[in-house]
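Here the protein sequences come in this chain order: A and B. For what it's worth, our numbering labels the leading residue of the first sequence as 1, then goes sequentially. For what it's worth, our numbering labels the leading residue of the second sequence as 1001, then goes sequentially.
Keep in mind the hints are simulated off the structure, nothing from the lab. Being a predicted model, the structure only gives us computed values, none of them experimental. In this text, a Cβ means the ideal position worked out from N, Cα and C, and glycines have one as well. There's no promise every hint is true.
[Said to hold, decoys possible] Some but not every residue of chain B turned toward chain A, in silico, with C-beta under 7 Å:
(1) Val-1009
(2) Pro-1019
(3) Asp-1021
(4) Gly-1029
(5) Arg-1071
(6) Asp-1073
(7) Trp-1074
(8) Pro-1111
(9) Gly-1112
(10) Asp-1115
(11) Pro-1117
(12) Ala-1124
(13) Val-1127
(14) Asp-1492
[What the hints assert, rightly or not] In silico SDA-like links for lysine to any residue, alpha-carbon gap of 25 Å or less:
(15) Lys-1045(B) / Val-248(A)
(16) Lys-1045(B) / Lys-125(A)
(17) Lys-1022(B) / Ala-297(A)
(18) Lys-1372(B) / Glu-1192(B)
(19) Lys-1022(B) / Val-248(A)
(20) Lys-344(A) / Lys-1419(B)
(21) Lys-1419(B) / Gln-23(A)
(22) Lys-1297(B) / Lys-1419(B)
(23) Lys-344(A) / Ala-1091(B)
(24) Lys-1022(B) / Thr-101(A)
(25) Lys-1022(B) / Gln-57(A)
(26) Lys-308(A) / Asn-1014(B)
(27) Lys-125(A) / Thr-156(A)
(28) Lys-1022(B) / Ser-351(A)
(29) Lys-308(A) / Pro-1015(B)
(30) Lys-1022(B) / Ala-1285(B)
(31) Lys-1022(B) / Gln-23(A)
(32) Lys-344(A) / Asp-1078(B)
(33) Lys-308(A) / Arg-1017(B)
(34) Lys-1022(B) / Tyr-165(A)
[Stated by the list, open to error] Derived CB-CB ranges, DEER-like:
(35) His-1482(B) / Leu-113(A): 31 to 41 Å
(36) Gly-1040(B) / Gly-266(A): 34 to 44 Å
(37) Pro-110(A) / Arg-1509(B): 50 to 60 Å
(38) Arg-1057(B) / Cys-301(A): 29 to 39 Å
Each chain is listed here by its residues.
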Amino acid sequence: MIVDLPSSSAADVAKNLVRLRNQVGAMAMGRVLTLLVVVDEELADEAVEVASEATRQHPARILVVVSANARGRGRLDAQIRVGGDAGASEIVVLRLYGDLTRHGSSVVTPLLLPDSPVVAWWPGKAPADVAGSALGQMAHRRITDAAAPQGAGAATRLRRRAKHYQPGDTDLAWTRITRWRALLAASLESEPFETVDRAVVAGEPESPSCDLLAGWLASSLRCPVERVRTPVGSGVQSVRLVRASGPVDLVRMDASGDTATLSVVGSSPRLVALHTPTAPGALTAELRRLDADEVYARSLCTGLAQVKRGGTRSAAARAGTSPAGPADVDGSHRADVGGRTLTKVDPPPDSSSSEAVEDAVQEGLEELSRTDG
Amino acid sequence: MSGSAPAPVTADTNPLRDPDDKRLPRIAGPCSLVMFGVTGDLARKKLMPAIYDLASRGLLPPGFSLVGFARRDWADQDFAKVVYDSVREHARTEFREEVWRSLAEGFRFVPGAFDDPDAFELLARTVRELDEERGTGGNHAFYLSIPPSWFADVCTRLQESGLSDPRPGTWRRVVIEKPFGHDLSSAQELNEIVEGVFPADSVFRIDHYLGKETVQNILALRFANQLFEPVWNANYVDHVQITMAEDIGIGGRAGYYDEVGAARDVIQNHLLQLLALTAMEEPVAFTADAVRAEKEKVLAAVSLPDDLDEATARGRYAAGWQGTDKVGGYLEEDGVDPDNHTETYAALKVDVRTRRWAGVPFYLRTGKRLGKRVTEIAVVFRRAPHLPFTSTATEELGANAIVIRVQPDEGMTMRFGSKVPGSQMEVRDVSMDFGYGSSFTESSPEAYERLILDVLLGEPPLFPRHEEVEQSWRILDPVIEHWASSPSAPEDYPAGTWGPSGSDEMMRRDGREWRLP
């Protein structure tokens, strides 16, 4: 159900929310947080979609604060969406005009859910001092996106985030590299247990995710970390951890692909899936926790400054410090087990004679002896 | 760059895994899972999809390998096809080719009978080859999804082929499913076989009905809140009812069920586990050992009343209407022997002999073809000792209750009295409802996902150790013997109702009645 309230007031919106709640009934149960979305007109529709998708897992009241036009008379156009149009959440879009664009925090105050946390999200441009801004001060968690297109370059944006960092700040560029971090962390958890002497992170020049990944490695491993460049649009490309016995290489298969190869000394390279999160996926992951992220703080505030800026990855690969590309995962001697092939294959017979099974055992043993010999 | 030395990496310290880093999922270390009984229903419907779902959530280690073992003349690709079909049909998460590819590269199939030493030799060598090829690091879990009668054979062969002995620094674990025996002595026998080969803390007994989520929820409710624990004792609680009702019949499982019956099938494991979680004292820490210690203590304190005729009831479903469907009775099911007197409904009253629960009976009931599918724990409180209202004002007021709904619609309901609006003073029962689903709509992982992940992580299970299994047989054996000695058949109840009248009679003798779940 969508209710438009043109030229409205905050009190009117609050009253209508209660009225709709009573009408729709059980819908009102179980809201766990208020999500403030602070956005410009052009990104507003997309942001509402992402937020309502993300809050399917965390039923929320979504307050979208749209700064429409700062000139002219102060006015509030509100729209309430509940039920089918809002998924598990209730959405209030607040379009602010004139003077009101500078007083968004006063408009949302009466609309916050009682006794539950407030999370603010800037899908596009964010103020330099996020935590100090009027809306940022109300929020327990402040989510920015350093990868969103905005005036300054990625490095400048991250510097600003670091300068004004307050506990509770977080960035979607950081959320997107969780899988990379998990794979790298897991790669150190089997033999040989060796100290990492050096690390090289390769990715496109304007990739805050890549910078944060390098910062994280620098602050956690306390070893020299170099950040090298790959062509524009390639995202995070590869990480090499240098150890005495040989490197750990995690390399994306191709620019857009979601598969990487992981090579560790002592076993053949393996395919791993990268699970790059979608926009709602990243926001969902962010809403899962409501406390300060110390590891992000450390990577951003101390790690980033320790990362050495290198040249291009091709140069680093020639010098032997970075992998040139994905490892060769040779599966040719094995039967094809890809989804497309298996769709066409017939299911195997559901019973076998004892003789056939015994023969198969002997065959298997012989084959293994051959490959061993 | 600060002048400090690089952070050391050892088996116990990983500088990339900060304890504050709650984002990083715990990915199991390099390992493989060897599955016996891959042709079974459970493997196809639950285990294989759960493995894909884990991979899809990024929780399996790179190089994870799945080895299928069965008496079939299959190649690796045939096995991959079987897994593929089961994943496409039953997996909870979206199918993605890149996830599938990285997982399927690690599929191997070993043909063989469970008693053929050569087949286990082939298995041992396949596993060794995986260690080299895929870096599974000598860590292997064995999932015995097979009838318990094969456990002895498989365990012995595993031992003979050296598969059960880990090199130092690696692990071997074994997973077994219920039933854990059919009485105390068979449970002990089974345990001797398995623990003769694998050390006690490498044996994972899986009771999927009690997914870890449920167990943790009950413990969180009781011990993370100040609100409930003060009234969780005999001073305030009148009695406790634990119900697990199923609306289905025995389906095609007559061969198994007719030998077992409701009490062995459900009360021995699920209901007594729920009782233990409800009645146990606070564990000193939220660790598997501490929780288990408390569960064992409370199970040891459970005793049966002297007169088992008065304190138990059993029934068998007859033809009737299950909702909108006409269904046949138990004796009409294929393969049922009427002389077995197998019960499809069992109810039981037990006492917990601790100071906390002195005089508070716990009523357990379970059955097939009951009114609906529901599992719940109802803690029913005493009536207020003194009511300042007239009896007319409170005649519709029942006892307060806290109901923990385990499934479906996991959550909690509280019942208490409230004034009916109007000029009359009239108090009536109302209920306040909390559903996990409405505050946390994140779909909970399938029980098997948690279980398999715990096995691979070596997370000590919150699941029963053999001491608990033996305690629960100790409680139940006298009841089953008592029933077996009775010449009469279980009392019939029409399908789709809430059980035989004898069960209601049992409650009435105590001046109580079963809740309508």
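Structure-based check of all given hints:
no. : hint                                 : verdict
1   : Val-1009                             : 5 Å, holds
2   : Pro-1019                             : 10 Å, violated
3   : Asp-1021                             : 4 Å, holds
4   : Gly-1029                             : 5 Å, holds
5   : Arg-1071                             : 5 Å, holds
6   : Asp-1073                             : 4 Å, holds
7   : Trp-1074                             : 5 Å, holds
8   : Pro-1111                             : 4 Å, holds
9   : Gly-1112                             : 5 Å, holds
10  : Asp-1115                             : 11 Å, violated
11  : Pro-1117                             : 10 Å, violated
12  : Ala-1124                             : 10 Å, violated
13  : Val-1127                             : 11 Å, violated
14  : Asp-1492                             : 38 Å, violated
15  : Lys-1045(B) / Val-248(A)             : 37 Å, violated
16  : Lys-1045(B) / Lys-125(A)             : 48 Å, violated
17  : Lys-1022(B) / Ala-297(A)             : 13 Å, holds
18  : Lys-1372(B) / Glu-1192(B)            : 39 Å, violated
19  : Lys-1022(B) / Val-248(A)             : 24 Å, holds
20  : Lys-344(A) / Lys-1419(B)             : 66 Å, violated
21  : Lys-1419(B) / Gln-23(A)              : 24 Å, holds
22  : Lys-1297(B) / Lys-1419(B)            : 42 Å, violated
23  : Lys-344(A) / Ala-1091(B)             : 19 Å, holds
24  : Lys-1022(B) / Thr-101(A)             : 36 Å, violated
25  : Lys-1022(B) / Gln-57(A)              : 18 Å, holds
26  : Lys-308(A) / Asn-1014(B)             : 23 Å, holds
27  : Lys-125(A) / Thr-156(A)              : 13 Å, holds
28  : Lys-1022(B) / Ser-351(A)             : 47 Å, violated
29  : Lys-308(A) / Pro-1015(B)             : 20 Å, holds
30  : Lys-1022(B) / Ala-1285(B)            : 21 Å, holds
31  : Lys-1022(B) / Gln-23(A)              : 40 Å, violated
32  : Lys-344(A) / Asp-1078(B)             : 12 Å, holds
33  : Lys-308(A) / Arg-1017(B)             : 23 Å, holds
34  : Lys-1022(B) / Tyr-165(A)             : 19 Å, holds
35  : His-1482(B) / Leu-113(A): 31 to 41 Å : 56 Å, violated
36  : Gly-1040(B) / Gly-266(A): 34 to 44 Å : 35 Å, holds
37  : Pro-110(A) / Arg-1509(B): 50 to 60 Å : 58 Å, holds
38  : Arg-1057(B) / Cys-301(A): 29 to 39 Å : 30 Å, holds
Consistency with the previously given hints fails for numbers 2, 10, 11, 12, 13, 14, 15, 16, 18, 20, 22, 24, 28, 31 and 35, ordered from lowest to highest.
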